[in-house]
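Listed below are the residues making up each chain.
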Amino acid sequence: MKLEKRLVLTGRDALKISIFSIIATLVVFSILLIWAGVNPIEAYREIFSYAYDPRFGLGLTIRRGMFLLFATLAFILPLRAGIWNVGVEGQFYLGTVGAFWVGYTLSDLPSETLIPLMLIVGALCGAGFGAITGYLKGKLNVDEIVLAIMLNNIAYWLIHFLIVGGPWMGAAESVSRPLPVSAWAPMIGEVPSTTLIALAISVFLYFLLTKFTVGYQIRTLGSSSAAARYAGMSPLKISLFVMAVGGAIAGLAAYHLWAGDPGFHMIPKPQTYKQQGDLTYYGIVCGLLCVLNPLAAIPTATFISGMTVGSTALIRRLGLGFGIDFTLLGILFLSLAAFQFFYQYRIVRRKKEGEVI
Amino acid sequence: MWPFVGKSLEMATLFMFAALGELLNQRSGVLNVGLEGLMLFGAASSFITATLTGNILLGFLVGMSVGGAVGFLHGYLSITLRVNQVVSGMAIWILAFGLTTYLANPFTGPLPRGVSSWRIGDLLSPLFFVGVGLVFVIWFILSKTHLGLRIRAVGEDPSVAEASGINVVRTRYLCVIVGGVLGGLSGAFLSLTYLGSWSHNPVAGRGWVSLALVFLSMWRPWLLFAGALVFGTIWQFALSPEIILPALGLPLQFYRMIPFAVTIVILVVISTERFRKRWGLAKPAALGLPYAKE
Amino acid sequence: MSRKLQLKGSLAESALEGAKRGETILEMKGITKRFPGVVANDHIDFDIKGGEIHALVGENGAGKTTLMNILYGLLRPDEGEIYIRGKKVDFRSPLDSIEVGIGMVHQHRKLIPAHSALENIILGHPEAGKILNLRRAEAEVKKLCEKYGFKLDLNAKVWQLSAGEKQMVEIVKALYRGAKLLILDEPTSVLTPIETEKLMRALKAMAEDELAIIPFITHKLPIVLEVSDRVTVLRRGKVVACLSTKDATMPSLARSMVGRDVAFKVERVEVQKGGQILEVEDLSALSDKGVPALRGVSFSVRQGEIFGIAGIAGNGQHELAEVLMGLRKVERGKLIFEGKDITNSSILERWRMGIAYIPPERVEVGTVGDFSLVDNLALNYYFEPEFSRRGILDYRKIRERVEDAVSEFGVVCSSTDCEAKTLSGGNLQRLILARAILRRPRLLIANLPTHGLDVGGIEFVCNKLMELKKAMMGIVFISEDLDEIVAMSDRIAPVYEGKFVDIIPAENAKKEDIGAMMAGLRLK
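Protein chains in written order, with numbering that gives the first Met the number 0: chain B, 0 to 356; chain W, 0 to 293; chain X, 0 to 523.
Hints may contain errors.
[Said to hold, decoys possible] Derived DSBU-like pairs (lysine-lysine); straight-line CA-CA distance at most 35 angstroms:
1. W:Lys282 x X:Lys28
2. X:Lys509 x X:Lys333
3. W:Lys276 x X:Lys420
4. X:Lys203 x X:Lys272
5. X:Lys396 x B:Lys236
6. X:Lys141 x W:Lys276
7. B:Lys1 x X:Lys420
8. W:Lys292 x X:Lys48
9. X:Lys129 x B:Lys236
10. X:Lys141 x X:Lys498
11. B:Lys236 x X:Lys339
12. X:Lys141 x W:Lys292
13. X:Lys141 x X:Lys197
14. B:Lys4 x X:Lys109
15. X:Lys288 x W:Lys143
16. W:Lys276 x X:Lys498
17. X:Lys129 x W:Lys282
18. W:Lys276 x X:Lys156
19. X:Lys396 x B:Lys210
20. X:Lys333 x B:Lys210
21. X:Lys109 x W:Lys276
22. W:Lys282 x X:Lys420
23. B:Lys1 x X:Lys86
24. W:Lys143 x X:Lys339
25. X:Lys288 x W:Lys292
26. W:Lys276 x X:Lys509
27. X:Lys328 x X:Lys510
28. B:Lys236 x W:Lys143
29. X:Lys333 x B:Lys236
30. X:Lys420 x B:Lys236
[As the list claims (entries may be wrong)] Simulated restraints, written as ranges between beta carbons of each label pair:
31. X:Arg351 x B:Tyr134: 55 to 61 angstroms
32. X:Glu280 x B:Leu8: 46 to 52 angstroms
33. W:Asp121 x X:Asn154: 33 to 39 angstroms
34. B:Lys1 x X:Asp208: 45 to 51 angstroms
35. B:Ile18 x X:Glu466: 31 to 37 angstroms
36. X:Val362 x B:Glu41: 50 to 56 angstroms
37. B:Tyr344 x X:Gly338: 52 to 58 angstroms
Quick caveat, the hints were computed from the structure, so don't treat them as lab data.
Since the model is a prediction, treat every value here as computed from it, not as a measurement.
Ideal Cβ placement from N, Cα and C applies to all residues, glycine included.
Please model the complete structure; the sequences and the hints are all you need to start from.
Written out as structure tokens, the structure reads:
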């Protein structure tokens, strides 16, 4: 068995690598579980049964799966152009601000007008926030990762200001006022109809990247910025575009989450809304797992969502500590990072003349 | 007033250790964006150790060792497996976030009684001076020793360095491990000295600011020191603005935003036409690029 | 972190120190190296004696670089042995060969641009000590430079040095490490004639000093004849001739290299020139490092004319090409195309207007390696209404165009969906040419269009350009090859240090004159 440099990476190869990294994750996580005194098989059974059982977690799995889908798509599009959008958290917060502002100020409007407006304004706010990064990256080549993290923190404090003793403060000191009922997302069973928006965007992005001229420019910039310039493309315009659209998608996620989850319908206390904001980082892992393919993001996001929802069962039912779910994500991320090695190399079996291996 | 100065210098020490470590591994060409995670690992491991053993020195040592191990892990992914360094760094951050929360959550709260960090005159930890000394040491090594020349060569063009007889892999591992140790030290300093207690996600973005600091300092140790002092003061100000500006009456969240906003402004300024060329020339040319021996 | 070389007994004894003139210090026997799909070195024998200059010549792809890398320890041979002064050696890394006394001067300089010349020279030297004693090192290096007549500012940053000075740094670096055998990879390819003279003198001085030197050369065969004692010719990985230089002639060498007479055959076409298509007034631009690279250049190009710019790399012609296309900012001056001022037009506008650019960087700029040929072709068509309607790419039309490109321009590939990175350099160039030319531009800027191509490829490109000239296209033709420039151009502008030394009609041009002008000498 030898290591050989890989010439071509097909979709099937990438799928195999992703699956192997998931398996490796489960193995490593099992070690952690054993160390915590839990039987891994029992733990995984708990996870899957809780996550996909309609009586318990299935609704949340799907709702959160779509939330993750938004986050994943918001990450995928810019990375196709070579830009790491780690600012999804901040864009999501800005989407929250935009949607809630509409929900509070224009609460008299009927649902048919109010909800689309909330979606649009939320998307615009997210887009604007993303555009800041897109502009600075495209124009001045500022490091987009550090910039975005800084913006995420600023956005966090913005919401904090609005709800903790601020103008949107609700009944309790550190939560917001509830949204008017007209602003609640129409549900299909336990699942908000914004699910359809997420799925539609996924399909749209797929066609955008493969068939549209803009998508071609995005792909070119992502593969070779020198060639893109040579061909007359504008790195600034493309950066702005992908980051604005990415930000818009993240902004939509805000309405989906807060107005679509029956447990919320308002902005919860900082610790909780930060928790939800942290979920957007799963988008990065999902995006890498599905190799930046918008359609593959759908099953990937749902799967990862199931893992996170299921792992709360570990906390709830098996008494494991707080943070175990993020640990699982971290192991998955690390495993995926390590397995990226196989994007460059593959294992071959060599048989030499007269030699048996 | 003096407690404010003391705290600012301690905050600067925090930035110094983390940023110096990152400066070192970046000079050798390895980018570690998971600095925030590295500091988390250091903070959690040292705090747990100190709480369980009652020995603060041991806490520091464990924090540094764990940091070195994490540095090694990042090195293995980046140098040997040659995977994307941004992915590796972010993975370490996310893992740190989850794992440290999970392991350290039961220890939330202050250090046990009798276990505390020693301060000079109850104001300033002596580690500040260690930090300053470290700035000198790193500066000296990088500019005046052959080891430093080799490190810089590896960060500029590893194939040239290799052809000159330098072991690129070993040099990078050395730098990334030392960087890890310093990052772990920074985290340990945070939880054991500056805060003296544990809460959820104590690093709060300071690892990212340290990363920005390295860029802003143009990889020069003394500029980094100056930057650390400035950022330390700004951050401390953001936490307790009433000490400097008593009656301005702005909401506290506004102050909390300041360090991040300042970082952005400086990042943008050094990217403008005027500074870009100087910054571009100072940047290790091979930063973030995997190296494969042919 | 240089490792301590585990000197096996045999290696230590075979160090080149103390080798005498005439003593065989290096023997390579039966060296064979295979890469996927090609045998780069095929049972090569080679030897060199102390104080001898033994040149190795061959075309691109003949196997010289591979052989050199094996000798220098960067590659291990699949078969064959290397003997140093009679003792067999096995180089596992450049450290081993450096230790033994072999020094290599690379074509693509292996220097660190951000560091000073002195820092580059002492890098990795085992005796440099833990703490850098720069003053002592500087004194030692200065002495070395004086010995062979190298004039260098040791404290200048390498990116500030000229090509010739960079080469000097590399040579001094090898000598400082105690090299007794110097391998030079294409030493004269980027030198001005004056610098070449200086180098030849230095090489002769080093040979007098009992150093052995192996220069590896593709063109500039006259230099081989002038300076070497022996010459070995490689072709397709095999040694085809090894003779004493006195017995060799230019034509015989050239014939051995290619297997046929190297005659640069181009059907020259004479055309009635049309109107003025491009006018350049006092153009100035900066290099990537921010220093002036183009210092006030003025010229014009007419329809049906090939305007040749001759220069050695680094004299501003690259910046000029980029400015013409909009890839580089204009510091001063004006650009007028078909009567319109395009000085500040965007790159996209220039493509649309009918200007096309063939970049020298085929892999990094001209194509996208991961894209298929189809997607690569779209680089010059995605903005045309015919190929992109209502924001959607018409892949059918693009595919049609690719088929045209492949058939008319002879691009060899298994299918139009295979990725560009699987194509050879020559085929990539055909694709790039096809893509640009099928747009029917009215002005074509060809920057080093034949660089790195084999003779067949060069002939194809040049004949294509002649066709375009017949079709009344205006062509700006940049080349480092004097034969090409003289054969192809209607008017020639030698460029030196960012200025045109003169603009002369090709009929009267003599190669030697142009060569001299490329070195800055003005002739009237």
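inquiry  = Given a hint of 46 to 52 angstroms, does the C-beta separation of Glu280 (chain X) and Leu8 (chain B) actually sit inside it?
reply    = 50 angstroms, holds
Pair hint Lys276 (chain W) and Lys509 (chain X), alpha-carbon separation not exceeding 35 angstroms: The hint is violated at about 42 angstroms.
Taking 50 to 56 angstroms as the stated bounds, is the beta-carbon spacing between Val362 (chain X) and Glu41 (chain B) within them? For Val362 (chain X) and Glu41 (chain B) the Cβ distance comes to about 54 angstroms; the hint holds.
Does the structure keep Lys396 (chain X) and Lys236 (chain B) at a Cα separation of 35 angstroms or less?
-> Given pair Lys396 (chain X), Lys236 (chain B) holds - Cα atoms ~26 angstroms apart, limit 35 angstroms.
Satisfaction of hint between Lys510 (chain X) and Lys328 (chain X), Cα-Cα up to 35 angstroms: 33 angstroms, holds
Taking 31 to 37 angstroms as the stated bounds, is the beta-carbon spacing between Ile18 (chain B) and Glu466 (chain X) within them?
54 angstroms, violated
_Need the status of pair Lys282 (chain W), Lys28 (chain X): alpha-carbon distance at most 35 angstroms?_
45 angstroms, violated
(message) Please verify whether Lys282 (chain W) and Lys420 (chain X) have alpha carbons no more than 35 angstroms apart.
(response) With a Cα-Cα distance of about 29 angstroms, the restraint between Lys282 (chain W) and Lys420 (chain X) holds, given a limit of 35 angstroms.
Practice prompt. Mind checking the alpha carbons of Lys396 (chain X) and Lys210 (chain B) for me, to see if they're no more than 35 angstroms apart?
Written response: Status holds; Cα separation ~13 angstroms.
* Restraint check for Lys420 (chain X) with Lys236 (chain B), where alpha carbons must lie at most 35 angstroms apart -> 27 angstroms, holds
*Agreement of Lys129 (chain X) and Lys236 (chain B) with the hint, judged by alpha carbon distance not exceeding 35 angstroms*: 51 angstroms, violated
field: Outcome for the supplied range 55 to 61 angstroms, where the beta carbon pair is Arg351 (chain X) and Tyr134 (chain B)
entry: 25 angstroms, violated
When held up to the earlier numbered hints, the structure conflicts with 1, 4, 9, 20, 24, 26, 28, 31, 33, 35 and fits the remainder.
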